[in-house]
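Residue numbers (numbering that gives the first Met the number 0), protein chains in the order written: chain S, 0 to 378; chain X, 0 to 184.
FYI, nobody ran anything at the bench for these hints, they're computed from the structure.
Note that the structure is a prediction, hence the values are computed from the model and not measured.
There may be inaccurate statements among the hints.
As the list claims (entries may be wrong) - To give an idea of the interface, some chain X residues facing chain S are shown, with a C-beta separation under 8 Å as derived from the structure:
1) T32
2) S38
3) Y53
4) L56
5) I124
6) F168
7) Q172
8) R173
9) F174
10) L178
11) D180
As the list claims (entries may be wrong) - Which stretches of chain X does chain S cover? Using the computed rule of at least three CB atoms under 8 Å from a CB of chain S, they are:
12) 15 to 29
13) 57 to 64
14) 125 to 138
15) 142 to 154
Ideal Cβ positions, reconstructed from N, Cα and C, are used throughout, including at glycine.
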Amino acid sequence: MDRKRLEQELSLHVDGRLPSGRREQLLDQLDDDQGAARLLEEMERAQELARSLPPSHVGSGFTEGLWQRIRSGEGTPDAVFREPLPWMVKAHYVALGAAAAAALLVAAGFVVDAWRGAPSRSDADPGPIAVRSDPAPAPIGPRGADAAVANVESDVAGSPPGLYPISAFSVAQAGQDECLLAVQDLKSRALRAVKRLDQQEVREVVTELEPVVDRARGSTRVIRWLQDERMIELPSDFDVALKLTEGILGRIQRAHQENDSVQFRVAVDDIQRLDVEPLHRDFGVICCRDANEFLTRFQQEFVRDPGIGRTFQVRIVTGSPMHGPFAPLGELLEMHSIPRWIELGPQGSLRIQAMTIDENGVRRLHRLHADGDQAPAKR
Amino acid sequence: MQSRAVTAPDPLALVAFNRAVGEHADGLKTFATRMLGDSLAAEDVSQDAFLALYRHLEQIPPSAFRPWLYRVARNLCLDQLRRRRFKLRLFRDIERDDDNPLVPVDTSGGRPDEIAEARESQAQIEAAIEKIPPRFREVFLLCELQGLSYEDASGILGCPVKTISTRLFRARQRFRAALGDEIKV
Numbered sequence: 000m001d002r003k004r005l006e007q008e009l010s011l012h013v014d015g016r017l018p019s020g021r022r023e024q025l026l027d028q029l030d031d032d033q034g035a036a037r038l039l040e041e042m043e044r045a046q047e048l049a050r051s052l053p054p055s056h057v058g059s060g061f062t063e064g065l066w067q068r069i070r071s072g073e074g075t076p077d078a079v080f081r082e083p084l085p086w087m088v089k090a091h092y093v094a095l096g097a098a099a100a101a102a103l104l105v106a107a108g109f110v111v112d113a114w115r116g117a118p119s120r121s122d123a124d125p126g127p128i129a130v131r132s133d134p135a136p137a138p139i140g141p142r143g144a145d146a147a148v149a150n151v152e153s154d155v156a157g158s159p160p161g162l163y164p165i166s167a168f169s170v171a172q173a174g175q176d177e178c179l180l181a182v183q184d185l186k187s188r189a190l191r192a193v194k195r196l197d198q199q200e201v202r203e204v205v206t207e208l209e210p211v212v213d214r215a216r217g218s219t220r221v222i223r224w225l226q227d228e229r230m231i232e233l234p235s236d237f238d239v240a241l242k243l244t245e246g247i248l249g250r251i252q253r254a255h256q257e258n259d260s261v262q263f264r265v266a267v268d269d270i271q272r273l274d275v276e277p278l279h280r281d282f283g284v285i286c287c288r289d290a291n292e293f294l295t296r297f298q299q300e301f302v303r304d305p306g307i308g309r310t311f312q313v314r315i316v317t318g319s320p321m322h323g324p325f326a327p328l329g330e331l332l333e334m335h336s337i338p339r340w341i342e343l344g345p346q347g348s349l350r351i352q353a354m355t356i357d358e359n360g361v362r363r364l365h366r367l368h369a370d371g372d373q374a375p376a377k378r
Numbered sequence: 000m001q002s003r004a005v006t007a008p009d010p011l012a013l014v015a016f017n018r019a020v021g022e023h024a025d026g027l028k029t030f031a032t033r034m035l036g037d038s039l040a041a042e043d044v045s046q047d048a049f050l051a052l053y054r055h056l057e058q059i060p061p062s063a064f065r066p067w068l069y070r071v072a073r074n075l076c077l078d079q080l081r082r083r084r085f086k087l088r089l090f091r092d093i094e095r096d097d098d099n100p101l102v103p104v105d106t107s108g109g110r111p112d113e114i115a116e117a118r119e120s121q122a123q124i125e126a127a128i129e130k131i132p133p134r135f136r137e138v139f140l141l142c143e144l145q146g147l148s149y150e151d152a153s154g155i156l157g158c159p160v161k162t163i164s165t166r167l168f169r170a171r172q173r174f175r176a177a178l179g180d181e182i183k184v
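Here chain S stands alone, though its shape is the one from the complex (with noise of 0.2 Å):
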């Protein structure tokens, strides 16, 4: 049995978790091996001097303390569900969060188109634009549609020309774009971010370099989703490239945890020679959903970690008429802040907009992707 191993059972073993069977194996091989009793000695002495720290104590005035507060009607502290993730895993679901706020916005787009009459944004818009908004961002539709209405109405001036409704593919497409921007964006980061290895700890190096990767790791996961859940067909050099990339990101996540500038020299190795070319792909419809039904998938994802949409959410604006009732989408507005959108526009002119909210409740309007009404370069 390997070192690593023999560690492994040795500590299940001090807890009592290892099964009989493995446990008389265990006990013979103590027997036998010196190196073995030794590091089992040694595990149980750290543990005895783990538990040898005396606990703390509260204060006298605690319980005192803490009725007061009680009495006082004071509310459970808001960070109490804010379930913190590691941001790799957080980055996982980001993108589930962020399809499902645009789920949000299909009703909110498409009443905000009816009521303007179609009034167009000039594509010439600039960013990033600063407005300047109420101190502390209102939370998105409280109120349900209405409310996600008038945020539509205040924060876009205008509706894009040209809507489109949400579907798997659509989703798939700015998942697509979104992957890719991030991966380029990613490329000239890493390489700058490398060389600066000589001057701070590799862990510092990746930090800087989270959001991105956020962004990247969000959109490969959509993908993924909407594979998984057999909506999407990828083409097979497109599967390639993205396993390339998540194999890349996890590379940088194992990097950062472990402080390893090796993993990280050989990730951004592999991204300078990641060809992104085959992120340029349609994909294959394999199965047409209702809307309804898609959203409703979203949002089955989306509330398994009440945790995912406070970080990043996406706003696909759509003139796909909603049918059916709004209720869901309410609870999830209710639930959560929309501190970043992407607009979709018809198909084939996918026009990204993030939107960040910064604690003054300043939102600034970032274009990331302008294409006008011109479809892309897609093969």
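Knowing the structure of chain S, use the given hints to seat chain X on it.
Frame of chain S; chain X shown alone:
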């Protein structure tokens, strides 16, 4: 933070709540202290967790109080750590100067050299725990120090039991490595 009207909970639930305060307040504070490295903030976390429990008394059965409280405390700690991360980076050196042992060593009746030795040993153990990466450390604190079962830790951290055992094994590895000669047989 939302303010809400005070409503009296069911008397039986109230008894269970009071018992939970008596039984788990110290444990929660210990856990939060070692997560945050700050005993004052840890006490606040502990109180916040009980406040949250009180507000949700009707939804949580008494048998689930303990893991629920730890889950809440963990969320609060990680939220604080995230918010403080930047500040800590900036002021790390200053804070180090101010560092005191997290928990005072019991000095009653000991000789000065024994007290000093105990302090040093405690500081070494604290430092070794601090060196464990947070995601392994939280499992270590819950299972090794607080004595929670793998299953409870799994519920608190929202990951499978297998992951708990793997993280605990890794945490123990790091802890032993950080202790170095202290545990060499």
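So, going through the hints one by one against the coordinates:
1. A least Cβ separation of about 5 Å between T32 of chain X and chain S falls short of the 8 Å threshold, and the interface hint therefore holds.
2. Taking 8 Å as the C-beta contact cut-off toward chain S, the hint placing S38 of chain X at the interface holds, the least distance being around 6 Å.
3. Among the interface hints, the one on Y53 of chain X holds; its C-beta lies about 5 Å from the nearest C-beta in chain S, closer than the 8 Å criterion.
4. For L56 of chain X, the shortest C-beta to C-beta distance to chain S is roughly 11 Å, which exceeds 8 Å, and the interface hint is violated.
5. With 8 Å as the threshold, the beta carbon of I124 of chain X comes within range of chain S, its nearest partner Cβ sitting at about 5 Å, so the hint holds.
6. For F168 of chain X, the interface hint holds, the least distance from its beta-carbon to any beta-carbon of chain S being 4 Å, beneath 8 Å.
7. Given the 8 Å rule on beta carbons, the hint for Q172 of chain X holds: about 7 Å separates it from the nearest Cβ of chain S.
8. Interface hint status for R173 of chain X: violated, as the beta-carbon distance to the closest one in chain S is roughly 10 Å, over 8 Å.
9. The criterion of a C-beta within 8 Å of any C-beta in chain S is met by F174 of chain X, whose closest approach is roughly 6 Å, and the hint holds.
10. The interface hint given for L178 of chain X holds, since its Cβ lies 6 Å from the closest Cβ of chain S, which is under the 8 Å cut-off.
11. At its closest, the beta carbon of D180 of chain X sits 11 Å from a beta carbon of chain S; the interface hint therefore is violated under the 8 Å criterion.
12. Taking a C-beta to C-beta cut-off of 8 Å, the segment 15 to 29 of chain X contributes 6 residues in contact with chain S, enough for the three needed, and the coverage statement holds.
13. Against chain S, the segment 57 to 64 of chain X contributes 0 residues with a C-beta closer than 8 Å to a partner C-beta. That does not satisfy the three-residue criterion, and the hint is violated.
14. With 4 residues carrying a beta carbon less than 8 Å from a beta carbon of chain S, the segment 125 to 138 of chain X meets the three-residue requirement, and the given coverage holds.
15. Here the segment 142 to 154 of chain X counts 4 residues with a CB under 8 Å from a CB of chain S, which clears the bar of 3, and the coverage holds.
Comparing the model with each numbered hint stated earlier shows that hints 4, 8, 11 and 13 do not hold.
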